[in-house]
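Enquirer: Read off the chains here:
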Amino acid sequence: EVQLQQSGPELQRPGASVKLSCKASGYTFTEYYMYWVKQRPKQSLELIGRIDPEDGSTDYVEKFKNKATLTADTSSNTAYMQLSSLTSEDTATYFCAKGSYGSFDYWGQGVMVTVSS
Amino acid sequence: DVQMTQSPSNLAASPGESVSINCKASKSISKYLAWYQQKPGKANKLLIYSGSTLQSGTPSRFSGSGSGTDFTLTIRNLEPEDFGLYYCQQHNEYPFTFGSGTKLEIK
Chain A
16 EVQLQQSGPE
26 LQRPGASVKL
36 SCKASGYTFT
46 EYYMYWVKQR
56 PKQSLELIGR
66 IDPEDGSTDY
76 VEKFKNKATL
86 TADTSSNTAY
96 MQLSSLTSED
106 TATYFCAKGS
116 YGSFDYWGQG
126 VMVTVSS
Chain B
223 DVQMTQSPSN
233 LAASPGESVS
243 INCKASKSIS
253 KYLAWYQQKP
263 GKANKLLIYS
273 GSTLQSGTPS
283 RFSGSGSGTD
293 FTLTIRNLEP
303 EDFGLYYCQQ
313 HNEYPFTFGS
323 GTKLEIK
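Protein chains in written order, with the numbering used here: chain A, 16 to 132; chain B, 223 to 329.
By construction, these hints were calculated from the structure, which means they are not laboratory data. Yeah, the Cβ is synthetic: ideal placement off N, Cα and C, and Gly gets one too. Incorrect hints may appear among the rest.
Simulated crosslink set (DSS-like; lysine-lysine; CA at most 27 Å straight-line) [stated by the list, open to error]:
id: 1; chain 1: A; residue 1: LYS57; chain 2: A; residue 2: LYS78
id: 2; chain 1: B; residue 1: LYS264; chain 2: A; residue 2: LYS57
id: 3; chain 1: B; residue 1: LYS249; chain 2: A; residue 2: LYS80
id: 4; chain 1: B; residue 1: LYS267; chain 2: A; residue 2: LYS34
id: 5; chain 1: A; residue 1: LYS57; chain 2: B; residue 2: LYS246
id: 6; chain 1: B; residue 1: LYS329; chain 2: B; residue 2: LYS261
id: 7; chain 1: B; residue 1: LYS246; chain 2: A; residue 2: LYS78
id: 8; chain 1: B; residue 1: LYS261; chain 2: A; residue 2: LYS34
id: 9; chain 1: A; residue 1: LYS57; chain 2: B; residue 2: LYS325
id: 10; chain 1: A; residue 1: LYS78; chain 2: B; residue 2: LYS267
id: 11; chain 1: B; residue 1: LYS267; chain 2: B; residue 2: LYS246
id: 12; chain 1: A; residue 1: LYS57; chain 2: B; residue 2: LYS329
id: 13; chain 1: B; residue 1: LYS264; chain 2: A; residue 2: LYS38
id: 14; chain 1: B; residue 1: LYS267; chain 2: B; residue 2: LYS325
id: 15; chain 1: A; residue 1: LYS57; chain 2: B; residue 2: LYS267
id: 16; chain 1: B; residue 1: LYS261; chain 2: A; residue 2: LYS57
id: 17; chain 1: B; residue 1: LYS261; chain 2: A; residue 2: LYS38
id: 18; chain 1: A; residue 1: LYS34; chain 2: B; residue 2: LYS264
id: 19; chain 1: B; residue 1: LYS267; chain 2: A; residue 2: LYS38
id: 20; chain 1: B; residue 1: LYS325; chain 2: B; residue 2: LYS264
id: 21; chain 1: B; residue 1: LYS249; chain 2: A; residue 2: LYS78
id: 22; chain 1: B; residue 1: LYS246; chain 2: B; residue 2: LYS325
Quick partial rundown of chain B residues pointing at chain A, CB under 8 Å, derived from the structure [stated by the list, open to error]:
id: 23; residue: TYR254
id: 24; residue: ALA265
id: 25; residue: LEU268
id: 26; residue: TYR271
id: 27; residue: TYR309
id: 28; residue: GLN311
id: 29; residue: TYR316
id: 30; residue: THR319
id: 31; residue: GLY321
So these bits of chain B aren't anywhere near chain A, every CB distance computed over 12 Å [claimed, not checked]:
id: 32; residue: PRO230
id: 33; residue: ALA234
id: 34; residue: PRO237
id: 35; residue: ASN244
id: 36; residue: LYS246
id: 37; residue: SER248
id: 38; residue: LYS249
id: 39; residue: SER250
id: 40; residue: SER282
Just need the whole structure built from these sequences, with the hints factored in.
Expert: This is the structure we're talking about:
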């Protein structure tokens, strides 16, 4: 059974950084892109970018290029996303999702990041 | 980037009824459209991809149609568990983009 287990909720101060994790199981981690998606409260879904765990190559959506850093650890089948210079605009739920020919066939449960002083 | 316009934003229906949700792309995306269901406390669920292909486990009362720029998700004989949020997503060209969502509520 494919599972994506994300880390717990975060409360961070403005200007801080946070690193989220997504542990994959039930499939071969290196064979599929891992995507990260943002959802602000009561808003739609927004793609942040993707990582190819096999070689660590990344593709970021333009607006997130200076905000998010995606990495992957093949020894633990875990994908990470670091968000830097946090502002209130980064308050959102962040999902990891396994890619399947451009659609996302499995999703993590989401992690809420709250940025507040 | 491809803009996805989804309608309606809200939809109310009774169990047993049929509903349709529409998604329009700002340019042709061939057949590459996916539909997702989002419910509180549950992982987002892929229902349909490539316009009309049901993901494994998706009930047959769900169907997808369309190509080019116009797509429709139809749910026939609504079940209580079908109520929630639905999103379309184009997977023709990167960056993949989502529609604004449709909230399906019980009437």
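Enquirer: Confirm or reject each hint.
Expert: Each hint, compared with the structure:
This hinted pair checks out: LYS57 of chain A and LYS78 of chain A have alpha carbons roughly 20 Å apart, not beyond 27 Å. For the given pair, LYS264 of chain B sits about 16 Å from LYS57 of chain A by alpha-carbon distance, which is consistent with the 27 Å threshold. Distance hint between LYS249 of chain B and LYS80 of chain A is fulfilled; the C-alpha atoms sit about 25 Å from each other, no more than 27 Å. Distance check on the hinted pair: LYS267 of chain B and LYS34 of chain A sit about 25 Å apart at the alpha-carbon level, within 27 Å; holds.
Distance restraint check for LYS57 of chain A and LYS246 of chain B: the Cα-Cα separation of roughly 21 Å lies within the 27 Å cut-off, and the hinted pair is therefore satisfied. The hinted pair formed by LYS329 of chain B and LYS261 of chain B meets the criterion: a straight-line CA distance of about 17 Å does not exceed 27 Å. Pair hint LYS246 of chain B plus LYS78 of chain A holds up; C-alpha atoms about 23 Å apart against a cutoff of 27 Å. Restraint check: the Cα-Cα separation between LYS261 of chain B and LYS34 of chain A comes to about 25 Å, which is no more than 27 Å; the hinted pair holds.
A hinted pair counts as satisfied when its Cα atoms are at most 27 Å apart, and LYS57 of chain A with LYS325 of chain B qualifies at roughly 11 Å. For the proposed pair LYS78 of chain A and LYS267 of chain B, the alpha carbon gap of about 26 Å is at most 27 Å, so the pair holds. Only pairs whose Cα atoms come within 27 Å are accepted, and LYS267 of chain B paired with LYS246 of chain B is accepted, the gap being roughly 21 Å. For the hint linking LYS57 of chain A to LYS329 of chain B, the alpha-carbon distance of about 21 Å falls within 27 Å, and the restraint holds.
For the proposed pair LYS264 of chain B and LYS38 of chain A, the alpha carbon gap of about 17 Å is at most 27 Å, so the pair holds. Annotation: proposed proximity of LYS267 of chain B to LYS325 of chain B holds, straight-line Cα distance about 15 Å (limit 27 Å). Between the alpha carbons of LYS57 of chain A and LYS267 of chain B the distance comes to roughly 18 Å, so the proposed pair stays at or under 27 Å and holds. Simply put, LYS261 of chain B and LYS57 of chain A have alpha-carbon atoms about 13 Å apart, close enough for the 27 Å limit, and the pair holds.
For the hint pairing LYS261 of chain B with LYS38 of chain A, the CA-to-CA distance comes to about 22 Å; that is within 27 Å, so the pair holds. At most 27 Å may separate the alpha-carbon atoms for a hinted pair to count; LYS34 of chain A and LYS264 of chain B meet this at roughly 23 Å. For the hint linking LYS267 of chain B to LYS38 of chain A, the alpha-carbon distance of about 18 Å falls within 27 Å, and the restraint holds. Distance check on the hinted pair: LYS325 of chain B and LYS264 of chain B sit about 16 Å apart at the alpha-carbon level, within 27 Å; holds.
Restraint check: the Cα-Cα separation between LYS249 of chain B and LYS78 of chain A comes to about 21 Å, which is no more than 27 Å; the hinted pair holds. At most 27 Å may separate the alpha-carbon atoms for a hinted pair to count; LYS246 of chain B and LYS325 of chain B meet this at roughly 17 Å. Hint status for TYR254 of chain B: holds, given a least beta-carbon distance of 6 Å to chain A, under 8 Å. Because the smallest distance between the Cβ of ALA265 of chain B and any Cβ of chain A comes to about 5 Å, under 8 Å, the interface hint for this residue holds.
Among the interface hints, the one on LEU268 of chain B holds; its C-beta lies about 5 Å from the nearest C-beta in chain A, closer than the 8 Å criterion. Hint on TYR271 of chain B holds. Least Cβ distance to chain A is approximately 4 Å, under the 8 Å limit. Because the closest C-beta pair between TYR309 of chain B and chain A is about 6 Å apart, less than 8 Å, the hint holds. Using the Cβ-Cβ criterion of 8 Å, the hint placing GLN311 of chain B at the interface with chain A is satisfied: the shortest such distance is roughly 7 Å.
At its closest, the beta carbon of TYR316 of chain B sits 6 Å from a beta carbon of chain A; the interface hint therefore holds under the 8 Å criterion. Evaluation of the THR319 of chain B hint against chain A yields a held restraint, the C-beta minimum of about 7 Å falling below 8 Å. Because the smallest distance between the Cβ of GLY321 of chain B and any Cβ of chain A comes to about 7 Å, under 8 Å, the interface hint for this residue holds. With a cut of 12 Å on Cβ distances, PRO230 of chain B stays outside the contact zone with chain A, its closest approach being about 14 Å.
Against the 12 Å criterion, ALA234 of chain B stays outside the reach of chain A, whose nearest CB is about 18 Å from its own CB. With a closest Cβ-Cβ approach of about 26 Å to chain A, PRO237 of chain B is found to remain outside the 12 Å limit, as its non-interface label requires. At roughly 15 Å from the closest C-beta of chain A, the C-beta of ASN244 of chain B stays outside 12 Å, upholding its exclusion from the interface. Listed as a non-interface residue, LYS246 of chain B keeps its Cβ farther than 12 Å from every Cβ of chain A; the least gap is roughly 15 Å.
The beta carbon of SER248 of chain B is kept farther than 12 Å from every beta carbon of chain A, the shortest such distance being approximately 15 Å. Every Cβ of chain A is farther than 12 Å from the Cβ of LYS249 of chain B; the closest lies at roughly 16 Å, confirming the non-interface assignment. Remark: the non-interface label on SER250 of chain B is consistent with the geometry, its nearest Cβ contact in chain A lying 15 Å away (cut-off 12 Å). Annotated as non-interface, SER282 of chain B keeps its C-beta farther than 12 Å from every C-beta of chain A; the closest such distance is 19 Å.
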